[in-house]
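A.B. asks: Hey, can you work out the whole structure from these sequences and the hints?
There are 2 protein chains.
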Amino acid sequence: MQTHFTIDCVIYSFNEGKLQVLLTERNEYPYKDWWALPGFFVEKGEEMEDAVKRILYEHTGLKDIFMEQLGAFAGVKRHPQGRILTVAFSTIVKYEDVKFKIKPITSYMRQAKWFAIDELPELAFDHHQIIQQSLRKLKDSINYSTAVYELLPEKFTLTQLQQAYEAILGKTLDKRNFRKKISNSGFLKELQEVQKGVSYRAARLYKFDKRKFQKQLGIE
Amino acid sequence: MQTHFTIDCVIYSFNEGKLQVLLTERNEYPYKDWWALPGFFVEKGEEMEDAVKRILYEHTGLKDIFMEQLGAFAGVKRHPQGRILTVAFSTIVKYEDVKFKIKPITSYMRQAKWFAIDELPELAFDHHQIIQQSLRKLKDSINYSTAVYELLPEKFTLTQLQQAYEAILGKTLDKRNFRKKISNSGFLKELQEVQKGVSYRAARLYKFDKRKFQKQLGIE
DNA sequence: ACAAAAGTGTTGCCAATACACCCATGA
DNA sequence: TCATGGGTGTATTGGCAACACTTTTGT
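Those sequence lines, one after another, are chains A and B. Each residue of the first sequence is one higher than the one before, starting from 10 at the first, in this note's numbering. Each residue of the second sequence is one higher than the one before, starting from 10 at the first, in this note's numbering.
Treat the hints loosely; a few may be bogus.
Treat identical chains as interchangeable: a pair holds within one or across any two.
Taking lysine-lysine and the BS3-like style, the derived pairs with C-alpha atoms no more than 30 Å apart in a straight line are [said to hold, decoys possible]:
id, residue 1, residue 2
1, Lys86, Lys72
2, Lys148, Lys221
3, Lys205, Lys190
4, Lys164, Lys148
5, Lys122, Lys41
Calculated directly from the structure, the hints in this document are not laboratory data.
C.D. replies: The following block contains the structure:
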């Protein structure tokens with residue numbers, strides 16, 4: 010038995026203190042004019058991982074971003090024209106990096122736009138379900154992955170980091186406990202730099218030290 | 010673009026103190042005479058979850074077992090005849106329940122057999138990779154899932170439970186700490202029964218209280 | 001001087017670890 | 001009586017949660 014085969018992408022970012030998801034407005038049936046996850050058909054002979062890269066590139070202009078597989082969604086009724094199996098992937102991009110790069114290249118979608126995770130429109134197909142599943146996984150893995158750091162610019166303040174945690178978890182955290190936990194973890198590099206252009210006390214800037222993080226994971 | 014679509018099952022069990030995986034010996038090309046995960050094509054119009062149940066049934070005689078999705082494997086070269094996308098699922102069955110039910114129904118495989126996880130033969134396709142990925146997930150989730158209890162008979166001793174943990178994790182655990190942890194968790198029901206037929210002090214039997222377990226998870 | 005956010009310590013509790021001996025039973 | 005696994009307690013440690021005030025800076 011054969012099935013059509015697509016990829017759908019859950020692309021997260023962080024802006025205005027909120028976790029955002031990139032959606033596209035469809036310009037073709039079915040679900041014309043609906044918002045949906047960026048997604049395409051995989052081409053014949055194309056490796057799934059290559060298809061993922063291609064689609065990510067076509068929607069964001071980004072390259073060399075690792076996307077993690079969420080799983081397959083294969084409901085017979087998820088597409089009105091019969092089964093179309095989709096494998097969902099997710100990733101996180103820095104908002105600054107993609108701000109001016111979001112450009113729909115294909116004609117089947119009209120525009121791409123960021124939506125706050127708690128203000129999603131109604132979505133085509135089973136894409137709402139895909140997002141919810143992805144979000145749960147993101148929350149569950151927040152302490153074992155580099156996800157939060159992908160949300161932030163290279164140099165960031167501790168308050169920004171805390172806001173990113175809070176955006177993912179959907180709840181507020183205690184400032185002192187958060188800072189203790191982070192500084193104990195030992196994979197932030199403290200810079201000799203502070204914020205600029207703020208009208209209050211400037212905060213110290215930090216960098217994520219991926220090396221040390223990887224090492225700590227290696228202990229098992 | 011279309012692709013063939015199969016399901017592969019990683020079925021775990023526990024016997025002779027070891028974690029076991031059920032494999033089938035193929036009787037058709039490609040990979041004739043090789044060992045492989047039990048797997049079939051999904052039928053047209055068949056829901057993926059139904060296909061999973063069907064395949065599990067055909068190989069083990071078991072019904073109403075929940076299988077968890079591991080993910081999609083879609084390498085263009087994973088099958089010599091071109092891309093065959095497979096979605097891998099995994100589950101755990103009680104060895105006693107299936108001991109006499111393992112019966113290949115289809116003719117494309119010659120026999121089904123349990124293999125200890127650390128004594129696997131060479132496997133067809135990318136099945137070794139699928140198993141390794143599944144095993145990592147099993148280890149990671151051992152404390153948040155009912156997996157270990159699926160390995161054991163309904164009534165079991167604490168030592169048996171500890172052995173199941175050790176089989177999954179691949180390492181030994183401290184007896185007292187293990188018992189403390191388990192009895193603190195509060196989802197074991199102590200029975201007024203002990204082991205029979207052993208030539209040493211008979212151990213108390215316990216049951217897993219799924220209700221309480223679910224409740225504890227609900228706290229988040 | 002004021003507004004706004006940065007930054008900082010202590011305490012109590014709980015969970016996880018390390019570790020060694022006596023007990024009950026059947027052969 | 002012996003072999004075998006069953007069963008038990010304590011002390012230490014490290015991480016997590018609760019909680020409020022002072023400092024710095026720009027306007």
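A.B. asks: When the structure is checked against the list of hints, which entries are broken? Sort them ascending.
C.D. replies: none
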